[in-house]
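Per the working numbering, the very first residue in the sequence shown carries number 358; after that it's consecutive.
Hints were generated in silico from the structure; no laboratory data involved. Treat the hints loosely; a few may be bogus.
[Stated by the list, open to error] Pair by pair, the computed Cβ-Cβ distance ranges are:
1. Met388 to Gly454: 18 to 26 angstroms
2. Val455 to Trp430: 18 to 26 angstroms
3. Lys359 to Arg452: 18 to 26 angstroms
4. Val363 to Gly502: 26 to 34 angstroms
No residue lacks a Cβ here, since even glycine has one placed at the ideal position from N, Cα and C.
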Amino acid sequence: MKALLVSGFATIGAGAGAMLTLHAEAGLDPMHTVISEYAWQQSGWLLPASLTLFAVGATLIAEALRRAGGNRWVVGLLVAWGASMFLIGAFPTDRPGVPLSLSGGIHRYAAFAAFLMMPVAGLLLAKARVRYARSMRILCLTALGALVLVVIPYVVRMFGLPLTNDDIPAGLIQRTVVVTEVAVLALAGLSMLRPAARRALAARQVIRQA
358 MKALLVSGFA
368 TIGAGAGAML
378 TLHAEAGLDP
388 MHTVISEYAW
398 QQSGWLLPAS
408 LTLFAVGATL
418 IAEALRRAGG
428 NRWVVGLLVA
438 WGASMFLIGA
448 FPTDRPGVPL
458 SLSGGIHRYA
468 AFAAFLMMPV
478 AGLLLAKARV
488 RYARSMRILC
498 LTALGALVLV
508 VIPYVVRMFG
518 LPLTNDDIPA
528 GLIQRTVVVT
538 EVAVLALAGL
548 SMLRPAARRA
558 LAARQVIRQA
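Construct all of the structure, not just a fragment, from the sequences and the given hints.
Pasting the structure below:
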């Protein structure tokens with residue numbers, strides 16, 4: 358199980374490295390440019406590569422949690438989050454001003470699903486009083502708050518009101534969601550790193566099922 362966790366951490370770290378490299382080479386304004394738009398840059402291939410690495414990392418940590426006897430809902434949410442990350446990278450968003458395409462629709466709704474699933478998984482883990490539960494809860498609530506701010510512009514545009522990314526720090530808000538959720542994933546893995554923590558997690562699961 359430790360090998361799964363270490364592999365998961367390494368994969369997540371590689372994904373973060375790819376994302377940071379993309380940001381450094383693209384030179385776009387991270388305050389107002391959403392991450393999806395980086396796919397159109399010269400180094401845009403790093404975006405799906407990064408998201409795929411996050412997806413693999415989530416799957417490895419989910420498998421470690423499953424073997425430790427963790428909550429099956431949390432395991433399922435982590436796997437679903439990873440699948441959503443893969444879809445976000447595999448189906449790029451549309452360029453501004455272009456009608457919503459099939460690829461853009463899959464990208465948008467997979468992103469929304471991912472942004473929602475990780476905080477739920479983290480809150481379930483925090484409820485089980487795993488290690489780092491307090492930090493996990495704070496990160497999850499931060500992610501959910503930022504998610505509301507991400508959704509507001511779409512709701513405003515639905516009512517026909519003019520709104521551009523220059524009007525709000527859309528890039529900063531989106532990055533807050535992504536960073537906090539990746540941090541929740543990392544804490545989920547760290548909470549199982551010690552053998553005693555894994556045994557305690559399994560014991561709590563047995564008690565809940567009794």
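For each hint, the structure was consulted:
With their beta carbons about 21 angstroms apart, methionine 388 and glycine 454 fall inside the hinted range of 18 to 26 angstroms. Range check, valine 455 to tryptophan 430: about 37 angstroms between beta-carbon atoms, so the 18 to 26 angstroms window is missed. Here the CB-CB span from lysine 359 to arginine 452 is close to 44 angstroms, at odds with the stated 18 to 26 angstroms. A hinted range of 26 to 34 angstroms holds for the C-beta pair valine 363 and glycine 502, which are about 32 angstroms apart.
Violated hints for the displayed structure, listed by number in ascending order: 2 and 3.
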